[in-house]
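A.B. asks: These are the residues of each chain, in order.
2 protein chains.
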Amino acid sequence: MTSPRVVALSGGVGAARFLQGLVRVVPPECITAIVNTGDDSEFYGLHVSPDIDIVLYTLAGLVDSEQGWGVVDDTFNALQMLEQYGLESWFRLGDRDLATQIHRTELLRGGQTLSQVTDHLRNRLNVTSLVVPMSDQPVRTWIRTPEGWLPFQEYFVKRRTADDVLDIEVRGAAEACPAPEVIEALDAADRVVICPSNPLVSIGTILAVPGIRDALRRCGAPVVAISPIVGGATLKGPADRMMRAAGMEVSAVGVARAYADFLDVMVLDEQDRTLAPRVESLGIRAVVTDTIMRDLHAKERLAWATLAALGSCSRGRSPHQVHPGR
Amino acid sequence: MTSPRVVALSGGVGAARFLQGLVRVVPPECITAIVNTGDDSEFYGLHVSPDIDIVLYTLAGLVDSEQGWGVVDDTFNALQMLEQYGLESWFRLGDRDLATQIHRTELLRGGQTLSQVTDHLRNRLNVTSLVVPMSDQPVRTWIRTPEGWLPFQEYFVKRRTADDVLDIEVRGAAEACPAPEVIEALDAADRVVICPSNPLVSIGTILAVPGIRDALRRCGAPVVAISPIVGGATLKGPADRMMRAAGMEVSAVGVARAYADFLDVMVLDEQDRTLAPRVESLGIRAVVTDTIMRDLHAKERLAWATLAALGSCSRGRSPHQVHPGR
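In the order they appear, the protein sequences are chains A and B.
Under the numbering used here, the residue at position 135 of the first sequence is numbered 135, and the numbers go up by one with no gaps.
Under the numbering used here, the residue at position 62 of the second sequence is numbered 62, and the numbers go up by one with no gaps.
So that you can see chain A by itself, here it is in the shape it has in the complex (with noise of 0.2 Å):
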């Protein structure tokens, strides 16, 4: 039986944390990651891809899974020297982080696409699934507040998301196309997943990339969609407060939605069983199971339920006969 190609569309932390379990219950080459670049930023000269690491950090079984981000164990050494040059330091890159940055950006200067430059990356942590990048060119979360327009990670880290989001603009990604395997993947993928991620600014920024939206609408594996809220709040993140912000509402129903147009199976928490029919009104199959991913096993658990809600989902066009599990 030939494994399922899956295509995982993700953010950071909560997709990382998904992605974990999903490479124990799929053979970890068959699956792609195409990765949110709307958080890319530039700290001390030095090109940071804060989703990408956190992915492959994970993949790599190097992250520190308390936080869910940076390097297990990692020290703060250089970034204490550059406080003492007099520079801020509130996004926290340790010295193992820092070398991942410090080589990303030799290679870009270099004039590698970062699709490339994450590639080589992936190949040297031993991270077998592929890690895409949504595009090669520059596109840029910002956030209005009340203080004005910040930067995401500005808003994200420095602030702390204590703001109120008042609009999101992605910018650059009107001029931005599709990392060269985005389009590629998702065309000849077996299956789709949107891994339980900020619907806005992971998720969405990664659907306002032209062109990939239409390739999940019409691609014809089906699509498989976690919810990021559960009992109408995050676990993590401020993806809540931004989606009350945007006149969304503030549920497994509210992210249906925002997915409506290529969304086949949502998969909900039992905490948020009664919201079913409404996702099934939506023209969405409502799957219902323990979402909280506490440990390894529960990650596992999740990724297997969330393929096998797809078992017996068919666009029609599948190319292959497949079945999630090994």
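Worth double-checking, as some hints may not be accurate.
Unchecked claim - Stretch by stretch, here's where chain B covers chain A in the computed footprint (C-beta under 8 Å, at least three residues):
(1) 44-55
(2) 75-85
(3) 101-107
(4) 121-132
As the list claims (entries may be wrong) - Some chain A residues near chain B, calculated using beta-carbon distances under 8 Å:
(5) Asp95
(6) Arg96
(7) Leu98
No wet-lab data here; the hints were simulated from the structure.
Note that beta-carbon positions come from the ideal geometry of N, C-alpha and C, so glycine has one too.
Once you have looked at the hints, place chain B on chain A.
C.D. replies: Just chain B now, with coordinates in the frame of chain A:
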């Protein structure tokens, strides 16, 4: 009594150790160190200025005094991660040290000159002596060995000076000009000290920048050098082998001869007392003292003896009546 303005021509470790003594016998703010940049190199896309950093870290009290370079108690976690990315790591940049290179590189890319960047770093490290690169243009020392031409750091660090030196080229020197403060400092100096550095690849590199040697010849201040060769050998580094290969006498006499066109006084170690008449036969006053910088006290004593050696020495147009000491 006005403090003398002292200008020191400086390489790396030996010079920095001498300067550590000098700042204890002259007010640090009266000292300008003109530093070799022929050793500068690029690692991981970062601009590294090894001799400038040795001087800065030493004067800031941050240096790893065992090895004479790098930051004390530094960690090497970024370097270890860069190894994981398949990169060479023979140039041992610690995490704190890397911060200097990251910050320098960002400022240089932003359009600042190496002098401006060095002055900024000096300030942030609370170094009150001026530290000036010999030039803002790239000058790079290359070493010809039986294996071919090697960039200086490959010869010096990667291959640990194991190769025979057939030739030395200071590439870019002919097209370079002295950094803005260099000639000005020499013209305004009350005393000039040539630190106990390699006469070929440290001081020789500085002298290769057009205008600097002329400024030393014409300046009103007397010029004193401390011999880096003691008892026919160097305490550290390949200066002795390089001098031999260049057909120079490997002794304080050989060093004095290399500086004869601008040198007034040569400080010799007591082991080389018998060489004094030969130095004096070059028209250079010889002063004999203990030049081994065992500890801070010895460094201070050597600095004192060096300035004292110039006490009654004048080129006749020194703008101030000055005496060494505070």
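A.B. asks: Tell me the hint numbers this structure goes against, listed in increasing order.
C.D. replies: none
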